[in-house]
Amino acid sequence: MAGTRTRRVAGSEQSRTARAAALAEELHHECTLLLELYRKKETFAEELTVGGERLVTVPPLSSQLSPNDRLWRLYSALQQCRNLLERAIGLEEGVGNGGDRAQYESQRKTVRDRLGHLLASTRLLLEDRAGTAAFTPDPKNTETASPVNGSPFALKLWIYRIFSELEHWTLTTSRTLKALHPDGATPKESRTRGRPRGRRTRR
Amino acid sequence: MLVFLLWASLFLSSLQEQNGQDAPGVLLSGPQNVSVNYDLKDQRISVTWEDDPSSSRVPDKLIYDVEVLLTVNMTEVHSEAVDVRQALASRKYHWSWTSALPLECTSHSVRLRSRYQNYTSQWSPLLTITGRASTHPQVFPKSSVVQVDSNFTFCCILGPGQRLEYMKYNNILMNTTHIIDQSYAMVVHMQSPSPPSCINVYCNSPLYGTCVYVGYPPGDRNLVCETRDLESVECHWDTGRATNLTKQRMTRYDLNGRACPNRTVSNCYQTVRVDQGERNWTLTARNPLGTLELRDTADLKKRVRLLAPMEVLASGVNASVQWQWERPQYHILLMVCQVQLNHSGHIDVRNFSGIGLRSVVLHGLAPAQTYTVQVCCGLKQHFWKWGDWSEGSTFKTEEDIPEMLDVWMQIEGNQTMILWKPLTVNQSHGQIKDYEVTWGRQETILHPPQNDFLISDRSTDEGHRVTVTAKNSAGSSLPSIIIIPRLPHRSKSSMKIVGSDGGFNLSWSASPNSSCGYVVDWCPTHKKCRVEWVKVPAGITRARIQSASFEEGVRYTLSIFACTPGAPELWERREGYVKECLPKGQIQRLAAEQYGSDTVLISWTAIPPESQTAFIHGYIIYYCDTSHLSSMRIFNVTTDELGAKNLTGIPVSSYRFIVKALTSVGEGGDSSPVFLQMNPQTDQLITVIIISLGSAACLLALVTILCYRNWKCVKENMYPKIPKPVWKEEWLTPLESNGRQILYVDPCQPSEIDIVCNREQSGEAVLDNNAGKGALTNTNSDVPALHVYYNQLLTKTTSGHFTFSPHTMATPFSQLSGTVIQNPSYNLEVQASLDMGQSVGYEPDMNSFSCPNPELHNTMSYVPFETDSRGYKFQCHIEDSSPLQE
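Chains as they are written, first to last, in full-length UniProt numbering: chain E, 1 to 203; chain F, 1 to 886.
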């Protein structure tokens with residue numbers, strides 16, 4: 001019985017992983033769109049690419065890491081992304097908005113909400129593996145230096161970098177979660193219930 | 001060494017001559033304590049210094065020359081001569097200058113010297129503002145705010161060894177100039193305001209740049225300050241042109257030096273004492289591009305705009321309105337208030353005044369009406385402006401008895417319809433519950449919406465007076481009385497009337513019987529309808545008749561009744577159209593008929609009156625030759641000629657006819673076209689000839705019948721019996737050898753009868769055996785062939801035919817001679833023979849006249865003479881069995 005229960009839990013976790021992977025994929029798409037809208041709104045040149053020092057700092061996700069550790073690092077990166085996003089939204093009010101403001105703000109809200117969902121999903125996956133004790137203390141983002149007193153251009157560029165970080169880490173999350181999921185594909189309703197595997201286990 | 005000191009002394013003395021020894025007895029030592037500051041936000045250099053100590057000896061003003069140089073190559077960027085006043089106690093001076101080139105772009109140095117007339121001091125030591133250096137491209141100035149339609153300079157400072165690739169403004173590649181070393185500049189003309197987020201400026205990469213806001217300085221105007229609550233001042237102004245600057249760059253306002261709340265746009269509120277009399281109110285508007293001051297002077301006690309009354313309540317019972325004031329200070333103010341009544345969109349404003357006014361009573365409100373009331377007030381003394389309107393309060397007034405009904409009648413035959421107009425909301429003073437119609441001793445209650453009553457029998461005297469009242473919850477209206485005439489109205493001829501502007505301007509002659517005015521009613525002339533009417537007061541003989549039911553192109557009959565103490569009397573009538581339209585009906589049955597050789601009768605059926613949409617003044621006949629359609633001809637016909645017209649003088653051809661009705665608005669009602677092919681006169685001539693010939697034939701037949709019936713008489717008169725000559729052999733000579741015989745001719749005396757004969761017409765009878773045995777040939781061509789007479793013996797053959805036999809014919813010659821009618825055939829040479837034959841014996845058979853059967857001739861057969869014939873006998877033996885005889 002214990003073995004059966006373990007396998008049922010594993011099946012549920014698989015489906016959660018798949019759902020989180022799908023959510024991350026969708027969020028990555030939304031982040032790409034948000035970055036493009038922001039670029040147009042602020043009339044940044046198309047050739048603009050931000051590189052160099054990253055705003056989100058987590059240890060590298062090497063393949064030697066256990067899935068649990070990889071999840072932890074993803075979760076930490078996403079937490080930092082959310083903190084940066086919240087900060088960007090607050091600072092952006094000072095810069096002023098223009099252009100397609102309504103569409104941009106709607107997209108920004110969408111990204112903000114889905115990022116919250118992705119964080120919650122990732123947290124559930126971590127709880128499945130390590131329990132709630134793992135979250136004491138909750139991973140906090142270190143204070144990221146922001147151009148609070150900088151020029152408006154620096155602030156605009158900084159927000160652009162935040163959105164770029166969001167795009168990068170949602171893509172990384174999507175790929176990692178797909179890798180953690182055995183099928184590596186988007187879950188389907190029949191699979192999430194795990195019924196076929198359960199029967200096979202009993203035999 | 002001595003020589004060196006001498007030369008040095010001479011050199012120094014020469015320098016002093018050049019720089020500071022121009023003033024006689026004065027040595028200009030130059031500005032003291034010079035210091036330089038700069039503001040990168042405004043790109044401003046500020047210089048302060050103290051006066052030249054020697055200036056106290058200068059009797060006139062002192063001038064300081066200020067120079068700004070690019071430190072790297074000591075190129076002068078700006079120089080200025082600054083006048084200073086000697087009277088200044090502090091002797092400390094300040095000078096500032098805004099650099100077009102951002103100060104970060106390269107180092108700037110400043111120096112000063114004092115100058116008096118042509119004497120100058122030495123330059124002060126250079127004071128340098130160091131430019132920025134960077135390891136990567138940087139654009140300066142940072143986050144600047146620039147006015148629209150100005151030129152602005154940006155510079156890019158590159159890192160050591162870096163090369164300028166481009167500078168872009170708003171993603172547009174711009175021209176650059178090399179300032180010095182790694183510093184480059186570009187000048188941009190700010191054509192339009194920036195969006196709320198700034199415009200990007202790049203150098204080499206989108207990652208390296210700055211942002212610029214472009215907008216306008218404040219443009220506010222029209223400051224007005226007042227008080228609402230007698231405890232604060234409230235100033236309003238117009239913002240003017242938008243600055244296009246937002247957030248931290250938007251305009252900030254101060255009122256009398258105190259900041260107005262954030263996000264202030266067009267009004268500023270501050271708590272003040274209002275009893276300070278007249279004072280100035282200054283509004284300062286400031287943004288990064290400029291500062292503006294607006295002023296207003298006012299005594300706030302005379303600038304009171306009251307707040308809106310609160311809790312407005314209105315009562316429909318006594319039509320009173322009460323309200324409250326939010327501020328107790330208002331209770332002691334002498335104020336004037338407007339009470340606005342809105343009734344179905346009609347607005348009535350009434351003014352009331354009093355100290356601390358809080359209630360008013362409204363008079364003259366209509367009963368059973370819904371009103372919405374609003375109140376606003378202002379100070380009666382030192383009136384400044386009306387305060388705010390209160391919220392609306394709705395109430396309904398009480399009901400009252402209805403107004404009198406407007407009653408009229410419509411008589412058709414023995415039936416009279418009593419009509420009355422429904423009372424409007426303003427007339428009914430409440431909801432009408434029923435109508436009461438009293439006719440003689442009968443009372444009938446009718447309920448709305450019925451507003452008529454049919455009286456079918458008005459033969460009794462008491463039935464001629466009808467009373468109608470309306471009733472609501474407050475009571476009955478005053479009775480409306482109408483008297484139905486005993487006799488029908490005398491018919492009146494109608495006069496035409498022309499409508500205008502959708503109605504009729506009606507006027508009529510005054511009626512001597514009119515004592516209480518007139519009633520004008522109207523209805524479509526050719527339609528059943530419910531009559532409409534209007535009552536005209538006494539003394540007025542004209543009215544404008546307007547009705548929503550009026551239709552264009554419909555003929556209306558308007559009847560003018562004189563209002564008398566008794567029944568109304570029909571006084572005059574009019575007929576007309578509100579607006580005449582082109583006839584819509586069609587002229588029917590158009591026909592064209594030819595009469596004679598050049599006359600055509602055109603006939604048609606006129607448009608019936610009920611289909612007429614305008615008065616028809618006449619008809620127009622259009623006709624044209626179908627072979628020449630362009631040759632249209634017109635013929636006008638008056639309405640007196642009832643649908644027919646003769647067109648004369650029309651040449652024979654083929655024609656197309658069309659008839660149109662003529663109205664005041666044009667022609668219309670076109671008939672369908674009719675075609676007529678006219679025939680020439682020759683046909684009729686032939687007809688006449690045929691008729692004449694027929695008549696002649698009939699006459700001839702009649703004569704023939706008459707002659708036949710009176711044949712005996714005619715024959716006796718026209719064809720008497722002619723004896724047949726008798727031929728005897730002995731009159732001939734014996735047959736000669738050549739076969740000829742000669743007739744013995746003895747001279748004899750002609751009888752008297754022969755003398756009568758016209759000798760000139762006498763012929764010669766030659767008996768020519770060769771030509772035909774026994775044939776008697778008449779050589780006289782004048783004798784008609786019909787008169788050739790063959791005397792033969794008439795015998796009846798077995799076949800029923802008669803045959804003449806000359807042998808049996810014997811007629812005494814004397815009898816022949818005695819006839820009156822000549823027979824030219826016998827007035828020939830044969831005449832002698834006849835005479836001779838007299839001796840032989842002539843035996844006429846008189847019985848032959850008794851059978852003048854024409855068929856006789858038809859059945860006659862010719863029997864040639866026989867050589868053995870001895871005599872001439874005319875016999876007519878008719879057997880008893882002969883049908884002729886019968």
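Hints may contain errors.
Pairs of lysine-lysine residues, derived as PhoX-like cross-links and limited to a Cα-Cα distance of at most 25 angstroms, are as follows [what the hints assert, rightly or not]: (1) F:K579 to E:K41; (2) E:K40 to F:K302; (3) F:K41 to F:K168; (4) F:K496 to F:K579; (5) E:K41 to F:K142.
Please keep in mind that the hints were generated in silico from the structure rather than gathered at the bench.
Consistency of the hints with the structure:
1. F:K579 to E:K41: violated, 65 angstroms
2. E:K40 to F:K302: Violated - the C-alpha atoms of F:K302 and E:K40 are around 55 angstroms apart, more than 25 angstroms.
3. F:K41 to F:K168: holds, 22 angstroms
4. F:K496 to F:K579: Distance of about 13 angstroms is within 25 angstroms: holds.
5. E:K41 to F:K142: Cα-Cα ~20 angstroms, so holds.
The structure shown violates the earlier hints numbered 1 and 2.
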